[in-house]
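Novice: Listed below, chain by chain, are the residues.
2 protein chains.
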Amino acid sequence: MPPRLFDGLVLPASADFHVHLRDGPMLEAVAPTVASGGVDAIFVMPNLVPPITTVEHALSYKKSIAKYTDAKLLMSLYLHPSITPDTIREAKQAGIYGVKSYPAGVTTNSASGVVDYEQFYPIFEAMQEVDLVLNLHGEAPPGKDITVLNAEEAFLPTLLDLHHRFPRLRIVLEHCTTAAAIEAVKKCGSNVVATITAHHLSIIVDDWAGDPINFCKPVAKLPSDRVALLQAATSGDPRFFLGTDSAPHPLRAKKGGAGPHECGKCAAGVFTQPYATQYVLQAFEDAVNKGIIEKERITASVLEGFLGGFGREFYRIEASGKKIRLSAREEKVRSKLAVGSAGADAASDVVIPFRRDSQIYSLEWLED
Amino acid sequence: MPPRLFDGLVLPASADFHVHLRDGPMLEAVAPTVASGGVDAIFVMPNLVPPITTVEHALSYKKSIAKYTDAKLLMSLYLHPSITPDTIREAKQAGIYGVKSYPAGVTTNSASGVVDYEQFYPIFEAMQEVDLVLNLHGEAPPGKDITVLNAEEAFLPTLLDLHHRFPRLRIVLEHCTTAAAIEAVKKCGSNVVATITAHHLSIIVDDWAGDPINFCKPVAKLPSDRVALLQAATSGDPRFFLGTDSAPHPLRAKKGGAGPHECGKCAAGVFTQPYATQYVLQAFEDAVNKGIIEKERITASVLEGFLGGFGREFYRIEASGKKIRLSAREEKVRSKLAVGSAGADAASDVVIPFRRDSQIYSLEWLED
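Here the protein sequences come in this chain order: U and E. Straight run, no breaks: the first sequence in the working numbering ends on number 368. Straight run, no breaks: the second sequence in the working numbering ends on number 1368.
Hints are computed from structural coordinates only; laboratory data are not their basis. Do not rely on the hints blindly, as some may be mistaken.
[Said to hold, decoys possible] Chain U regions said to be covered by chain E (calculated; three or more residues, Cβ under 8 Å):
| # | segment |
| --- | --- |
| 1 | 48-56 |
| 2 | 147-161 |
| 3 | 257-263 |
Yeah, the Cβ is synthetic: ideal placement off N, Cα and C, and Gly gets one too.
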């Protein structure tokens, strides 16, 4: 049995700056698990169907979520041609925290290798003025020689270009997965930060090759990329903090179809919400035990910063003061989460958590 | 509609120098499809459960296969510690064609980066003496910094080392997938050849990311690797010829479990047997239509060589003289193949062919 590094550790509640909660029965199933992951503040992604492109929609979604969790909710809009500078000002006044950009539908300027966001410059200008955060899904759109392996690296010139054009715009490079992305963020000013997921601290390409449960976008990459992510997450650099990108999908969608003769593309996304903090600690512990990073890097202030402090500072929110305690007593990741009131019978939907059935830290909330 | 390049083309029957036919009901379902792929000679892989490690087993397996296909059957043994130099001599006399090596269970000499086959040197010596072919699954075993992406390239020093130690041993680097592998084979003498699959001429990493049906080992790699494979296959270099590595799995195994709440690792393998010739031609046509290779490369002698002539020459077998004709009339890849007499009802097994439901050349056998 390898050493358990975090037994008895007490930490401020974590914050998770990139979550997908969905709506309907999936929201009902997933939102209550925010607390079990030791998290008391979440940045909620706006990619519902249809996506959230109005302040009204964001606020009504916020109300729906609040039925199921006490966590502080940082809401966002989906960058879309229907959004105007007025929408941005309205969003700021309504307490919206960010605007999420997906590169789908934008084109790459082949001369410069830069994704062409020109249509959105007036929006970015307004965001810069009112200080609303731009959340980037940093992958180049499909194109010649662009693959799931290099799409993130191919996007980095765009990150640098946007930072150069809008130097006061605060930007998050979401769920960064490569050593190259870490370096690019470091090259920018303090306005540019990056979230790192729990699962990208744990897995590499081999873990999702032939395993739909571990498949997500951006895909997990090489061992050297995982090392760079682990080093950034344990560096104490406030530009790198947790955003799990927890993305629940029904198992039937993960497997590309429910029926025994049905097959198709697997939904991309790893579900980490119920153990957000625990997965990060497990990833650090595994990395130390394998000799990938040194135990000495993982100080209390490094953990507190990566798991919430740095993100709260960036988004300018207060800590709740609540505390959590980890313990190494025998606990395993649950094998599945039932969706809908019908429970987990054969016909119902289930969501499979990351590292199902494996050993995990136990987490409890301390009394105020 | 992009141009159809091979309408009306008449070719000698193809030969497929790397097939998995399995046994039992799967053999019964798959073996008859050898003919529909325009193939009249196949090299049969020995990885049954248990694997074929005796001449007796190989010959009884050959009899089982012959019930379902008239194709010429080139049988092989599975490289295993139980095999002795006497086994090799017996195999040669019995008309066995090759010995297949899987690197599982062998170790890498960390100093040289070479897989340690030392225990098998007496076997290779005997194979060289009697002129039995060594068929290599060319991927380095798991290890630090070895991933599904670089396992083949990491194996290449082993290929060169084996060729150096046994210069008269005829070696096939099976299902090669990288530009680096093509270059390594070219560096060796004419004793070293490589098979290329139909699907690796078609797909890249993005095609199996999140798509279990396209997932195989070695995995399909980068666009530049696919270009190198297409160029090798259309070069007229007799060291590169078709071996489909057609690997049927029940759909439930491809999806990592049949039940609606069941999940696990997806079986690796792409099923191409029923359209072996057609898939190759489609890959060439697609590559020409996308400007990846020039139409002028694909001469009749290039096609005849890659699709059978070069492999027959290497294995020293005669062509049957049978001919096939391709036509561009409306035809689609079947959506599934039923396994077992029960047919394709919900409870039964099905195998999903590569590029199911997509346009494909129609193939007919010409009268003798």
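Novice: Would you pick out the hints that fail for this structure and give their numbers low to high?
Specialist: Failing hint: just 1.
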